[in-house]
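Enquirer: Sequence:
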Amino acid sequence: MNSSLLSLAIWTPIVGAFIVLLTGDDRNARIARPLALISAIVGFLVTIPLYTGFDHSAAGMQFVEQYAWIKRFYINYHLGVDGISVLFVLLNSFITIFVVVAAWEVIETKVAQYMAAFLMMSGLINGIFSSLDGVLFYVFFEASLIPMYIIIGIWGGPNRVYAAIKFFLYTLLGSLLMLIALIYLFLSSGSFSILDWHQLKIGMGPQIYLFLAFLIAFAVKVPMWPVHTWLPDAHVEAPTGGSVVLAAIALKLGAYGFLRFSLPIAPDASQYFAPMMITLSLIAVVYIGFVALVQQDMKKLVAYSSISHMGFVTLGFFMIDGQGMGSALGIEGALVQMISHGFVSGAMFLCIGVMYDRLHSRQIADYGGVVNTMPKFAAFFLLFAMANSGLPATSGFVGEFMVILGAVKYNFWIGFFAATTLIVGAAYTLWMYKRVVFGEIVNPHVAELTDINCREFAILGVLAIAVLAMGLYPYPFTDVMHASVDNLLKHVAVSKL
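Numbering (my numbering), first residue to last: 1 to 497.
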């Protein structure tokens with residue numbers, strides 16, 4: 001299917017970013033804000049036909065675009081999406097709207113630059129999810145670091161420079177090994193086409209090196225334990241919008257890389273390293289959950305919660321049996337978890353941002369009794385806290401249940417340890433909620449808080465609808481990915497030795 005929808009999804013927000021920058025300094029902030037919102041909305045609207053026109057029964061790439069870029073090295077501007085990637089393009093464009101609206105009154109300096117950075121990042125991330133050329137993927141992958149580095153470094157907290165540099169160095173150094181792997185694959189196939197690499201016959205030795213190179217690049221991005229330490233610092237120092245995009249979108253890039261590169265290109269190495277990947281994932285699920293339990297900063301608590309939830313994702317990907325067959329239930333559950341985490345974690349950080357904008361504190365001890373002054377906010381916060389705990393009928397339950405069910409079928413004890421997140425997750429999330437929202441008002445500043453305004457109500461209301469809709473009726477999300485996941489498992493099951 002030929003169309004320009006993917007190019008529109010990539011370049012509409014990027015062009016919008018440059019238009020917003022043309023408004024100049026903060027004297028024109030009233031112009032920059034609506035222009036940014038229009039760009040974000042149009043950027044989302046052009047992605048809707050990707051879903052409505054998607055053939056759910058087809059396993060291959062759809063909406064394909066291919067043009068010669070650098071002919072000498074056979075590098076192409078090659079785009080396409082399947083049932084795995086199409087949902088993330090929509091999610092990314094959807095979340096960008098909330099980031100722009102959330103900053104409407106909060107960001108008062110360098111407004112145009114702030115809005116433009118998020119629009120730019122939105123287009124670049126859509127490029128990552130759409131790229132079918134290795135060099136194009138790498139360019140988008142690396143370029144997406146720049147806007148986030150700027151966002152943390154300029155609009156972040158007191159230690160923003162440290163957090164921004166740590167974020168940049170961790171992710172950049174990890175992806176340098178990926179570049180070496182991409183060059184090796186080009187020399188082996190004579191092509192930079194990712195789809196050609198999926199058909200490439202590779203020996204076990206090279207597969208192991210390729211898997212490790214991709215592992216280092218994508219594990220940092222997820223982030224997996226023990227290369228996760230950059231994330232809490234980045235979340236704490238980032239402005240609210242930066243935290244939302246980091247949790248809802250950026251963490252998904254590493255997980256997506258495992259599905260697009262590691263599993264189909266190095267299936268034998270993936271099976272060989274599956275026990276290690278499962279172990280690292282369970283450490284993230286269980287240990288990081290207990291780390292979250294002792295946090296006193298709300299942002300840091302939700303950041304560790306994200307690491308724990310992403311451990312579910314990598315667990316679902318690597319439940320590969322002795323015949324090289326992965327679990328369709330595990331992979332689909334992990335994909336659902338990624339989409340749900342985008343809604344829930346984004347909503348949690350927005351809720352923390354609402355309180356921070358009023359009290360300028362993220363410390364749990366500074367709150368208490370918020371329900372007395374902000375009852376509407378408390379109701380939304382409760383829903384998202386429950387979803388973060390995996391309550392049935394919310395989106396947080398669907399993916400976790402599918403992964404746990406697949407894990408139990410794979411190995412009972414792996415499923416047992418994975419299921420502990422339902423207890424630990426509820427413990428740290430609801431304990432935080434209890435200390436922040438319930439009880440008597442101790443801090444006099446809490447007594448002066450005002451409830452959410454219409455803008456904040458609209459943002460949290462739409463996200464609440466998304467969380468409930470996905471929890472009550474996940475079929476529109478799961479149906480689109482069936483054929484592509486089955487096709488992926490066929491690649492994993494076929495040995496390349």
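No lab work stands behind these hints: they were computed from the structure.
Source: prediction; values computed, not measured.
Where hints are given, some of them may not hold.
[To be verified] In silico DSS-like cross-links for lysine-lysine, where the CA-CA straight-line distance does not exceed 25 angstroms: (1) 166 / 110; (2) 434 / 201; (3) 300 / 409; (4) 300 / 166; (5) 434 / 376; (6) 300 / 434.
[What the hints assert, rightly or not] Quick list of simulated restraints, FRET-style, between CB atoms: (7) 279 / 104: 21 to 29 angstroms; (8) 55 / 208: 53 to 61 angstroms; (9) 434 / 169: 18 to 26 angstroms; (10) 479 / 38: 41 to 49 angstroms; (11) 328 / 473: 17 to 25 angstroms.
Think of the CB as a built atom: it goes at the ideal place given N, C-alpha and C, for glycine as much as any other residue.
Enquirer: State for each hint whether it applies.
Expert: Hint check:
1. 166 / 110: Distance of about 23 angstroms is within 25 angstroms: holds.
2. 434 / 201: 55 angstroms, violated
3. 300 / 409: Violated, because 34 angstroms separates the two Cα atoms, which is more than 25 angstroms.
4. 300 / 166: 16 angstroms, holds
5. 434 / 376: Given pair residue 434, residue 376 holds - Cα atoms ~16 angstroms apart, limit 25 angstroms.
6. 300 / 434: 17 angstroms, holds
7. 279 / 104: 21 to 29 angstroms: Check failed, 45 angstroms falls outside 21 to 29 angstroms.
8. 55 / 208: 53 to 61 angstroms: At roughly 36 angstroms between Cβ atoms, residue 208 and residue 55 fall outside 53 to 61 angstroms, so the hint is violated.
9. 434 / 169: 18 to 26 angstroms: 38 angstroms, violated
10. 479 / 38: 41 to 49 angstroms: 32 angstroms, violated
11. 328 / 473: 17 to 25 angstroms: Holds, at about 20 angstroms.
Comparing the model with each numbered hint stated earlier shows that hints 2, 3, 7, 8, 9, 10 do not hold.
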